[in-house]
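Note that the protein sequences, when read in sequence, are chains A and B.
Numbered according to this note's numbering, the first sequence spans residues 1 to 440.
Numbered according to this note's numbering, the second sequence spans residues 1 to 265.
Treat the hints loosely; a few may be bogus.
Claimed, not checked - Anything over 10 Å on all C-beta distances counts as not near chain A; from chain B, calculated:
1) Phe76
2) Lys148
3) Glu204
4) Arg214
5) Asp239
Unchecked claim - Straight-line C-alpha distance at most 25 Å; calculated SDA-like pairs for lysine to any residue:
6) A:Lys138 <-> A:Ser235
7) B:Lys201 <-> A:Glu403
8) A:Lys437 <-> B:Lys183
9) B:Lys183 <-> A:Leu65
For the record, the hints were derived by calculation from the structure and aren't laboratory data.
Just so it is clear, CB atoms sit at the ideal spot from N, CA and C, and this is done for glycine as well.
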Amino acid sequence: MEFLPQVIFLILLSVSGFFITKSILRIRRNILLGRDVNLYDRPRERLKMMVLVALGQKKMFKKPLPAILHLFVYLGFIIINIEVLEIIIDGLFGTHRIFAPVFKGLYPSLINIFEFLAISVLVSCAIFLVRRNIIKVKRFDGEEMKRWPKLDANLILSIEIFLMICFLSMNTSDGILQSRGSEHYISTGDFFFTSFLKPLFNGLGTSELIFIERFGWWAHIMGIFAFAMYVFTDSKHLHIFISFPNTYFSKLDPAGRLSNMPEVTKEVKLMLNLPVDSGNENVAPGRFGAKDVQDLTWKNLMEAYSCTECGRCTSQCPANLTGKKLSPRKIMMDTRDRLEEVGRNIEANGKDHQDGKSLLGDYITVEEIMACTTCNACVEACPVNIDPVSIILQLRRFKIMEESQAPAAWNGMFSNIENNFAPWKFSPSDRLNWVQKLNQ
Amino acid sequence: MSENMINVPTMAELAAKGVTPEILFWVGCAGSFDERAKSITAAFVKILNKLSVNFAVLGTEESCTGEPAKRAGNEFLFQVQAVSNIEVLNAYGIKKIVTACPHCFNTIKNEYPELGGNYEVLHHSEFLQQLINEGKIKLQGGGEFKGKKITYHDSCYLGRSNNIYEAPRKVLEILDAELVEMKRSRTKGLCCGAGGAQMFKEPEPGFKDINIERTEEAIGTGAKVIAAACPFCMTMLSDGVKNKEKESEIKVYDIAELIAKYEGL
Ligand code: SF4
Ligand code: SF4
Chain A
1 MEFLPQVIFL ILLSVSGFFI TKSILRIRRN ILLGRDVNLY DRPRERLKMM VLVALGQKKM
61 FKKPLPAILH LFVYLGFIII NIEVLEIIID GLFGTHRIFA PVFKGLYPSL INIFEFLAIS
121 VLVSCAIFLV RRNIIKVKRF DGEEMKRWPK LDANLILSIE IFLMICFLSM NTSDGILQSR
181 GSEHYISTGD FFFTSFLKPL FNGLGTSELI FIERFGWWAH IMGIFAFAMY VFTDSKHLHI
241 FISFPNTYFS KLDPAGRLSN MPEVTKEVKL MLNLPVDSGN ENVAPGRFGA KDVQDLTWKN
301 LMEAYSCTEC GRCTSQCPAN LTGKKLSPRK IMMDTRDRLE EVGRNIEANG KDHQDGKSLL
361 GDYITVEEIM ACTTCNACVE ACPVNIDPVS IILQLRRFKI MEESQAPAAW NGMFSNIENN
421 FAPWKFSPSD RLNWVQKLNQ
Chain B
1 MSENMINVPT MAELAAKGVT PEILFWVGCA GSFDERAKSI TAAFVKILNK LSVNFAVLGT
61 EESCTGEPAK RAGNEFLFQV QAVSNIEVLN AYGIKKIVTA CPHCFNTIKN EYPELGGNYE
121 VLHHSEFLQQ LINEGKIKLQ GGGEFKGKKI TYHDSCYLGR SNNIYEAPRK VLEILDAELV
181 EMKRSRTKGL CCGAGGAQMF KEPEPGFKDI NIERTEEAIG TGAKVIAAAC PFCMTMLSDG
241 VKNKEKESEI KVYDIAELIA KYEGL
């Protein structure tokens, strides 16, 4: 009987550990459905990028207010993990505040830091909820932000607030129990922030306080387990982990450089009677461009999982700003949703199952991808270095090269380039006619 | 007239004489064929000529870089163009290229190397800035733009694509004008709507065209001159100004044209 709480704790810890591992493997398998690209060059530059953008939140600071609030939530998340570690050890061994004797005099300061962070997380999340639901910041709106994405965002914020309330009431009651010399509640010294909350609980009896303390403790840690499992479901909150590898594998080239297709190079060189570099032979021809998620690269797919749905991309997109259907955020969300669907199909029906659907057509329409000016405003805006243009371009390539379905005007431009070596129908022999302008 | 003396040598002519020029001026399709953009080409050549820069053009041997085809998704056509152009450029042993078109600039600089075309590529804003730094173009004070409001429109293919934000602004500084920035400038600059091969088709339905949105913002600064550094931006903004019936008050110029005017060329 005495060990029952520890046994329950162990079971819950194992169950959540099992589900989290399963989810990670599922996401990994999904990402690896993408085409291979080699992004293992320049490790120092990559590390630097990751440290600046993911760890240092560099791009967030383009908008100072949300950046600071986000920073609190982020630091809270990172640092409170020390607290979580203590809770897990206590949970497994039936101890209480196992770190108190370890850190000795420093322990109360540590808890004070956690409490400060808990309060700032609470306040930041509350402000975020207000911004989303009451002030209705435009960026959080849009066709793709109905239903689940909207609920997802609100759930995340509400759960974080709930977790912080649990943590704070646990510390408050713990503090009172300590001062009453209650057995089990070892004396740690005052907790600064929650000492202000004590008057709220002071009138309660010891057994009620123990109940609140235990309830806070269990709800806090169970909430964290549940939340961790939730992160790895179909939630945008996955960005807290995956933004790290995602920024590590960032595009390091200038933004304007779009990938050249090596499989095309070989054909072009053969056509022009030029020597083909050896080593290029084993490039699988496959499909030109991308119709479905498997045709995209694993990096594109990783980005889809990294998207936090913040809408900074869409709020800068000139096409979106002028009422066109294109929203780079939707491109990323559609890619993730389709990838999840393909993953579920694989689980249910095996690797080669075809459901007759595809990313282009069933999720993303041609009208959307045709509106992109490749201006890179979305890439610049994204706080986690996501590149929607890469996906848009690959979808265009499929439309144009595999299906030969270009808008008529583009077909005209193509044939002008082919025949007149300029996108307009002018004679190549007139190319130097501008010289006449010199004498005007 | 001395202008009649301006000589535009082609690579072929120089090669026949066994001469290699210092730079190749890549004119681009817009700069060669578009009525308005031809003036940019002419202005830049006048500057090169005045400063005795040793340059040549490819002339009829120049061909579309393939940029619009690539961005439209026609990688095959792009590479046919790219590989053929690289053959020509490499045959002439070209080392350094200057162009007034950010789209040509980006493509030759960033997308040609993988296909075997390695050159030092400069946009004319960078080149002009170098001339200014070397003291070859000097602030003389006065001139028709002194004290006037000018606003500069960032080309996406210079700015976000290649991090060139300051060179064109530095070039404009010499005019001694009052540079006013639009709210969306530099990394946040708003596209003119031409990139990604949009220039060559009708825009998708929306409530506004992108160039109108951008032109309204430019007009909103109160500037009487909108400076561009790209022939496509030039077209989009000029159309926007016309659409707003402001063409008598507000002029759109390329930075090379402004310098040429300033130098009295
Ligand atoms: S690159 Fe395309 S999707 Fe991204 S902001 Fe520009 S127009 Fe929008
Ligand atoms: S792509 Fe980037 S900027 Fe756009 S919504 Fe996702 S995280 Fe935000």
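Structure-based check of all given hints:
no.	hint	result
1	Phe76	5 Å, violated
2	Lys148	24 Å, holds
3	Glu204	4 Å, violated
4	Arg214	8 Å, violated
5	Asp239	15 Å, holds
6	A:Lys138 <-> A:Ser235	21 Å, holds
7	B:Lys201 <-> A:Glu403	19 Å, holds
8	A:Lys437 <-> B:Lys183	35 Å, violated
9	B:Lys183 <-> A:Leu65	19 Å, holds
Violation of the numbered hints given earlier is confined to hints 1, 3, 4, 8; the remaining hints are satisfied by the structure.
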